[in-house]
Amino acid sequence: MSDVEQSRDESTGQFAQSTDGLYGLAREEAEAGYKPMFPAKKDEELTVAEATEQLTAQTGVEPEPEQIVIYDKETGQPINDNLSEGPVESLTVEQAAQLLTNYHDNKAAFDAKSVSDDFAAEVDRMRADALKDNPKLAEHFGIEPPADGADPKKTVDATNTKKSGDQAAEAAPIDGLDPEVERALKHPQVRQAIEEELGKAQHVQRSFSEALGTVQSWAQASFLEAVPELQGLAPEQLEQGLALLAQVDPPRFEKAMGLLGRVNQIQTAQHQQQQQRDYATHQQFETQRRQYSKDADQALGPMTAAEKTELVEELVSYVGEFGITREQLASEAQTNLAIHHPAFQKMAADALKYQRLMKAAKVVPHKAIPRVQRPGTSQSHGSSQNARLAALEAKFARTGSLQDAQALYAMQSQTR
Amino acid sequence: MDDERNFIERAEDVSKNWTGEPFSDERIVQEFHLYGHAKRAQTLDAFDIELANADTSDVKKITRLASLRGEMDRVHHALRKANR
Chain L
2 MSDVEQSRDE STGQFAQSTD GLYGLAREEA EAGYKPMFPA KKDEELTVAE ATEQLTAQTG
62 VEPEPEQIVI YDKETGQPIN DNLSEGPVES LTVEQAAQLL TNYHDNKAAF DAKSVSDDFA
122 AEVDRMRADA LKDNPKLAEH FGIEPPADGA DPKKTVDATN TKKSGDQAAE AAPIDGLDPE
182 VERALKHPQV RQAIEEELGK AQHVQRSFSE ALGTVQSWAQ ASFLEAVPEL QGLAPEQLEQ
242 GLALLAQVDP PRFEKAMGLL GRVNQIQTAQ HQQQQQRDYA THQQFETQRR QYSKDADQAL
302 GPMTAAEKTE LVEELVSYVG EFGITREQLA SEAQTNLAIH HPAFQKMAAD ALKYQRLMKA
362 AKVVPHKAIP RVQRPGTSQS HGSSQNARLA ALEAKFARTG SLQDAQALYA MQSQTR
Chain E
2 MDDERNFIER AEDVSKNWTG EPFSDERIVQ EFHLYGHAKR AQTLDAFDIE LANADTSDVK
62 KITRLASLRG EMDRVHHALR KANR
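Sequence order for the protein chains is L and E.
Each residue of the first sequence is one higher than the one before, starting from 2 at the first, in this note's numbering.
Each residue of the second sequence is one higher than the one before, starting from 2 at the first, in this note's numbering.
These are computed hints drawn from the structure, not numbers from a lab.
Keep in mind that the hints are not guaranteed to be accurate.
[To be verified] Straight-line distance between alpha carbons at most 25 Å, and here's what the computed DSS-like set of lysine-lysine pairs gives: (1) K347(L) with K309(L); (2) K17(E) with K256(L); (3) K295(L) with K347(L); (4) K40(E) with K114(L); (5) K40(E) with K137(L); (6) K137(L) with K17(E).
This one's a predicted model, so the numbers in the text were calculated from it and none came from an experiment.
All chains should be modelled from the sequences, with the hints used to inform the complete structure.
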């Protein structure tokens with residue numbers, strides 16, 4: 002702000018504030034005679050060293066450079082890069098840069114293609130589901146209807162089985178392994194070879210996932226570098242910020258939207274990778290669970306479906322006594338293989354049998370206690386009266402005479 | 002009578018008549034996956050014309066249209082690279 006004398010408003014006599022260097026809301030307030038109660042803090046500009054330090058801290062440790070091997074096109078052998086072993090071919094910086102660019106482009110294209118193939122299979126499945134109920138929608142969508150008699154799901158499955166060894170199990174029928182596959186798996190060398198291939202496939206998938214994560218971070222950093230004004234905004238404010246940018250600087254807005262689109266694309270690829278991994282894990286779980294189920298049936302012996310249902314209900318009731326709900330037990334059954342193991346199943350069945358025994362009503366044997374008479378005592382009055390009463394009843398029953406009836410009635414009256 | 006509705010409004014009205022509920026932007030993009038290459042390109046061309054002639058006073062509407070156009074563009078090119 003200059004030291005030049007401030008102008009004075011002649012009508013009010015107040016000094017008007019200088020508006021030099023001010024714009025927008027601050028300028029309007031100054032012209033109206035206001036000054037902010039809390040002056041805005043000036044952001045100190047970073048020096049190059051400080052900016053570099055901050056960026057390094059954000060990006061983290063730089064990963065080791067990727068080892069790239071150059072192969073001879075004609076022989077297919079790696080080109081020598083050790084002077085002691087023979088002549089080494091030289092490159093200019095421009096040639097090396099071009100080779101590196103070609104390498105990265107081809108690698109990205111290869112990775113994108115594999116993502117594209119999975120994406121294409123998923124889209125084919127979506128279209129097949131949509132056309133299943135109404136094949137005439139194919140004309141509306143502008144796609145070719147599936148060939149008559151062809152099952153689109155089989156096409157999708159055939160495409161999926163080409164991918165990796167751990168998806169080969171999809172081709173097997175749902176109720177169990179193909180007998181030929183089962184026979185082959187019994188051979189130890191075949192099992193070992195398949196397990197090695199599965200391990201390689203999983204390693205490739207993990208590497209790809211890690212690469213996607215790295216690229217995602219780079220894309221996000223690129224976005225924030227392109228539009229640093231949006232850094233620190235909450236997600237709900239981002240839309241407004243972008244709308245404002247579209248008005249103020251449309252080319253940068255377009256660039257930002259392009260970057261956002263790339264970030265979204267990478268996120269989609271990551272999501273698809275995760276879905277594939279989850280599906281493979283689920284398939285493995287189901288295969289093992291079916292095997293355990295067969296073994297458990299052998300361990301527990303033949304049971305009807307009704308008996309199995311009753312056993313399950315008893316188990317739910319039993320574990321409920323320890324605070325485990327039906328939902329928790331069901332969740333464990335869907336995620337924990339140990340519950341399906343034949344040993345656990347046998348243990349649970351034995352525990353339920355024991356519970357049944359413990360809860361069964363025990364029949365207490367009733368023994369007739371013989372009458373005990375103290376020595377030196379005669380029969381009690383009550384017992385002699387009972388004997389006479391029994392004798393009179395027997396006599397009346399035999400004779401049926403009026404006199405016997407009178408005697409019986411008199412005796413009964415005495416005993417009441 | 003000229004139809005003054007924009008792409009999103011038309012999609013919402015049509016989907017409401019068909020299903021009883023208007024489609025969300027995500028659902029519109031999901032349905033866009035089902036279209037073939039030619040149909041997708043035609044849709045995007047028509048969308049571009051609408052966007053160019055749209056009223057820029059409603060920033061929120063423009064942002065929504067631009068965002069949806071970007072999403073559909075991404076899907077179209079991903080499908081194109083996958084030969085779909």
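Going down the list of hints, with the structure as the test:
At most 25 Å may separate the alpha-carbon atoms for a hinted pair to count; K347(L) and K309(L) meet this at roughly 13 Å. The suggested pairing of K17(E) with K256(L) is violated, with an alpha-carbon distance near 35 Å, which exceeds 25 Å. In summary, the hint linking K295(L) to K347(L) is supported, as the alpha carbons are separated by about 13 Å, within the 25 Å threshold. Of the pairs offered as hints, the one joining K40(E) and K114(L) holds, with about 23 Å between alpha carbons and a cut-off of 25 Å not exceeded.
Between K40(E) and K137(L), the direct Cα distance comes to roughly 15 Å. Compliance with the 25 Å bound is thereby established for this hinted pair. Our distance criterion of 25 Å between C-alpha atoms is met by K137(L) and K17(E), whose separation comes to about 21 Å.
Of the hints listed earlier, the one the structure fails to meet is number 2.
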